[in-house]
Amino acid sequence: MAAERDGAQALVLALRKERLLERAFSEAEGRTGGDGRGTFFDVFKGQLGESFRLSAGKDGSDVLEPLDSQGQPLLGDDGRPLSTADFLDQLRIHPVYGFLFQQRGAMGTGAIGAGGLGNATGVGAGAVAGGGFGEVLNPQTMSASELYRAGFVTKGRSPRR
Numbered sequence: 001m002a003a004e005r006d007g008a009q010a011l012v013l014a015l016r017k018e019r020l021l022e023r024a025f026s027e028a029e030g031r032t033g034g035d036g037r038g039t040f041f042d043v044f045k046g047q048l049g050e051s052f053r054l055s056a057g058k059d060g061s062d063v064l065e066p067l068d069s070q071g072q073p074l075l076g077d078d079g080r081p082l083s084t085a086d087f088l089d090q091l092r093i094h095p096v097y098g099f100l101f102q103q104r105g106a107m108g109t110g111a112i113g114a115g116g117l118g119n120a121t122g123v124g125a126g127a128v129a130g131g132g133f134g135e136v137l138n139p140q141t142m143s144a145s146e147l148y149r150a151g152f153v154t155k156g157r158s159p160r161r
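Going by my numbering, the first residue of the sequence shown is number 1, and it counts up by one from there.
Worth flagging that the hints you see were computed from the coordinates, not collected in a lab.
Errors might be hidden in some of the hints.
Below, computed lysine-lysine pairings styled on DSSO-like, alpha-carbon distance capped at 30 Å [as the list claims (entries may be wrong)]: (1) K17 to K45; (2) K58 to K17; (3) K45 to K58.
Listed next, with one range per pair, are the computed distances between beta-carbon atoms [what the hints assert, rightly or not]: (4) K58 to Q140: 21 to 29 Å; (5) D89 to L13: 25 to 33 Å; (6) D77 to Y148: 36 to 44 Å.
The beta carbon of each residue, even a glycine, is placed where N, CA and C say it ideally should be.
Kindly produce the complete structure, drawing on both the sequences and the hints.
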């Protein structure tokens, strides 16, 4: 009975942690969608779920605590524990995990920052300024062939013309 009770308690804690992870991912503008094999949240949870610990807040409510690679609370530049929201903001510009999040600001304005994300053409995501008529291109919504062609476009015109 004790083992069954402990298993049930562990399952409840895992579900509470997953619920908070899902809420934090959504609030951080995590990408939606997926297919039969999974969603962006599934990838996030699988790759980064262990980077969080379920803790009790000052008021006794559940909170997520970001952890470093040794399982210790992740500290910010000021030496204080990093909040979940701040950690997810850092992941937004991460070269590997950044694809999990909607990018803020117009592409081509440098909104992603200096180490921005690259795409298949070797063009940084912040460098795809736009197509014809001044529209802003989002590389995350482009097919591989569109990304390839965008790598050769200069000032809205194809060099073949």
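Does the alpha-carbon distance linking K45 and K58 stay inside the 30 Å limit? holds, 25 Å
| field | C-beta pair D77, Y148: status relative to the range 36 to 44 Å that was hinted | value | At roughly 39 Å between Cβ atoms, Y148 and D77 fall inside 36 to 44 Å, so the hint holds.
Review point. Given a hinted range of 21 to 29 Å, is it respected by the beta-carbon distance of K58 and Q140?
Key: violated, 38 Å
- Regarding the pair K17 and K45, is the alpha-carbon distance no greater than 30 Å? Given pair K17, K45 holds - Cα atoms ~10 Å apart, limit 30 Å.
Range agreement (Cβ of L13 with Cβ of D89, hint 25 to 33 Å)
holds, 26 Å
Does K17 sit within 30 Å of K58, going by the straight-line distance between their CA atoms? The hint holds at about 17 Å.
In terms of the numbered hints stated before, the structure departs from hint 4 and from no other.
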